[in-house]
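A.B. asks: Residue numbers (UniProt numbering): 1 to 292.
It is possible that some hints are incorrect.
Claimed, not checked - Simulated pairs of lysine to aspartate or glutamate, EDC-like, Cα-Cα distance not exceeding 20 Å:
id, residue 1, residue 2
1, Lys217, Asp250
2, Lys283, Asp152
3, Lys79, Asp171
4, Lys189, Glu239
5, Lys235, Glu263
6, Lys235, Glu196
7, Lys235, Asp292
8, Lys189, Asp152
9, Lys217, Glu203
10, Lys217, Glu263
11, Lys283, Asp250
12, Lys79, Glu133
13, Lys283, Asp156
14, Lys189, Glu269
15, Lys79, Glu170
16, Lys235, Glu269
17, Lys79, Glu269
18, Lys235, Asp156
19, Lys79, Glu206
20, Lys217, Glu133
FYI, nobody ran anything at the bench for these hints, they're computed from the structure.
Treat the numbers as computed from the prediction; the structure is a model and nothing was measured.
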Amino acid sequence: MKWVRISMVLVIILLLAALFAAKNSWDEKIEQHAERANELKSESGEAATPAEQAPQEEREEPEETDETSSAFYDALVDKEISTIKLIGDGLTAGYGHPEYTSPDEGRIIFSGNGETFREAGFNFGSWANSLREYVANPQFGEVDVINAGIRDKTADWALRNIDGLLAPDEDAVIVMIGTDDRIFSNVEKYEAVMRELLAIADERSEHLVVMSPPPSKEDIQPYNFTMEQADAVLKRISEEEGYQFVSLYDGIQQQLAEGVPYESLMQTEAANPVAGGYEAMWKEMRRGLGLD
Numbered sequence: 001m002k003w004v005r006i007s008m009v010l011v012i013i014l015l016l017a018a019l020f021a022a023k024n025s026w027d028e029k030i031e032q033h034a035e036r037a038n039e040l041k042s043e044s045g046e047a048a049t050p051a052e053q054a055p056q057e058e059r060e061e062p063e064e065t066d067e068t069s070s071a072f073y074d075a076l077v078d079k080e081i082s083t084i085k086l087i088g089d090g091l092t093a094g095y096g097h098p099e100y101t102s103p104d105e106g107r108i109i110f111s112g113n114g115e116t117f118r119e120a121g122f123n124f125g126s127w128a129n130s131l132r133e134y135v136a137n138p139q140f141g142e143v144d145v146i147n148a149g150i151r152d153k154t155a156d157w158a159l160r161n162i163d164g165l166l167a168p169d170e171d172a173v174i175v176m177i178g179t180d181d182r183i184f185s186n187v188e189k190y191e192a193v194m195r196e197l198l199a200i201a202d203e204r205s206e207h208l209v210v211m212s213p214p215p216s217k218e219d220i221q222p223y224n225f226t227m228e229q230a231d232a233v234l235k236r237i238s239e240e241e242g243y244q245f246v247s248l249y250d251g252i253q254q255q256l257a258e259g260v261p262y263e264s265l266m267q268t269e270a271a272n273p274v275a276g277g278y279e280a281m282w283k284e285m286r287r288g289l290g291l292d
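Could you put together the complete structure from these sequences and hints?
C.D. replies: Shown next, in the form of structure tokens:
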């Protein structure tokens with residue numbers, strides 16, 4: 001009986017050892033299958049489970065987008081623009097700035113109908129000269145800014161003399177005109193003239209930018225419409241036709257609303273900017289065109 005009991009104990013020990021070995025083997029197979037399944041997921045491009053994704057999602061950041069860039073700026077960077085023609089009145093020429101000059105030896109910007117006009121000087125702080133200084137950066141190549149702003153001229157005058165102002169194949173054209181149209185025209189005629197003028201400028205250029213003039217006092221002259229109405233006209237035309245538009249009116253109005261004194265930006269007895277106004281106009285133009 002003693003040997004029988006010993007034999008039974010040995011059998012039980014052997015069975016337990018076999019079971020323990022089988023369990024270890026099974027666990028190893030389970031781990032191997034899990035590892036192989038993950039490898040197959042990676043090879044096939046199959047999405048991981050939410051638990052597997054979580055650490056990766058925490059590390060991922062959305063791509064940054066450039067919200068300030070513009071077609072005009074991109075064309076400058078790509079060196080597609082070698083000339084920029086500015087069409088406007090005294091606010092484009094820079095009149096009202098205390099250092100404004102119109103040199104007798106300046107480049108002729110218009111000659112016809114018994115009139116000859118020369119380009120305003122380069123050495124004072126108009127928005128046109130700020131643009132000229134900006135594009136002088138070598139990264140843009142050689143860019144010539146031609147300031148064809150002429151004091152006391154209207155959009156109607158510019159349209160009637162467009163052939164003397166614009167060549168058939170301009171690279172870029174920036175148009176800002178309408179301050180004096182309030183004296184000699186009405187808002188309906190101004191809109192009709194600007195539609196035609198801008199259509200021609202668009203046809204004759206690769207890149208057209210439309211800008212609205214800044215606000216000015218409305219009691220200086222017996223104006224037939226306001227600068228706010230002029231801004232609305234230019235916005236509407238630009239939206240309908242797809243022109244790039246910069247509202248200097250809105251930009252300067254915002255500065256006035258923030259407490260910037262009117263007289264630090266504009267003359268009080270005329271509709272011309274002062275030095276601070278030209279600086280503000282350039283700031284708004286730079287922001288509107290995404291010029292970094």
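A.B. asks: What's the verdict on Lys79 and Glu269, does the C-alpha distance respect the 20 Å limit or exceed it?
C.D. replies: violated, 42 Å
A.B. asks: Would you mind confirming whether the straight-line C-alpha gap from Lys217 to Asp250 stays at or under 20 Å?
C.D. replies: holds, 15 Å
A.B. asks: Going straight from one Cα to the other, do Lys235 and Asp292 come out at no more than 20 Å?
C.D. replies: violated, 24 Å
A.B. asks: Between Lys217 and Glu133, does the CA-CA distance stay at or below 20 Å?
C.D. replies: violated, 30 Å
A.B. asks: Need the status of pair Lys189, Asp152: alpha-carbon distance at most 20 Å?
C.D. replies: Given pair Lys189, Asp152 holds - Cα atoms ~18 Å apart, limit 20 Å.
A.B. asks: Within 20 Å, alpha carbon to alpha carbon, are Lys283 and Asp152?
C.D. replies: Status violated; Cα separation ~24 Å.
A.B. asks: Would you check the hint for Lys217 and Glu263, treating anything up to 20 Å between C-alpha atoms as holding?
C.D. replies: holds, 10 Å
A.B. asks: For the pair supplied as a hint, Lys235 and Glu196, confirm whether the alpha-carbon distance does not exceed 20 Å.
C.D. replies: holds, 15 Å
A.B. asks: Within 20 Å, alpha carbon to alpha carbon, are Lys79 and Glu206?
C.D. replies: holds, 13 Å
A.B. asks: Is Lys235 close enough to Asp156, meaning Cα to Cα at most 20 Å?
C.D. replies: Satisfied, since the Cα-Cα distance of roughly 18 Å is no more than 20 Å.
A.B. asks: Are Lys79 and Glu133 close enough, with their CA atoms no more than 20 Å apart?
C.D. replies: With Cα atoms ~16 Å apart, Lys79 and Glu133 stay inside 20 Å; holds.
A.B. asks: Between Lys217 and Glu203, does the CA-CA distance stay at or below 20 Å?
C.D. replies: violated, 34 Å
Comparing the model with each earlier hint shows violations of hints 2, 5, 7, 9, 13, 14, 16, 17 and 20; every other hint is respected.
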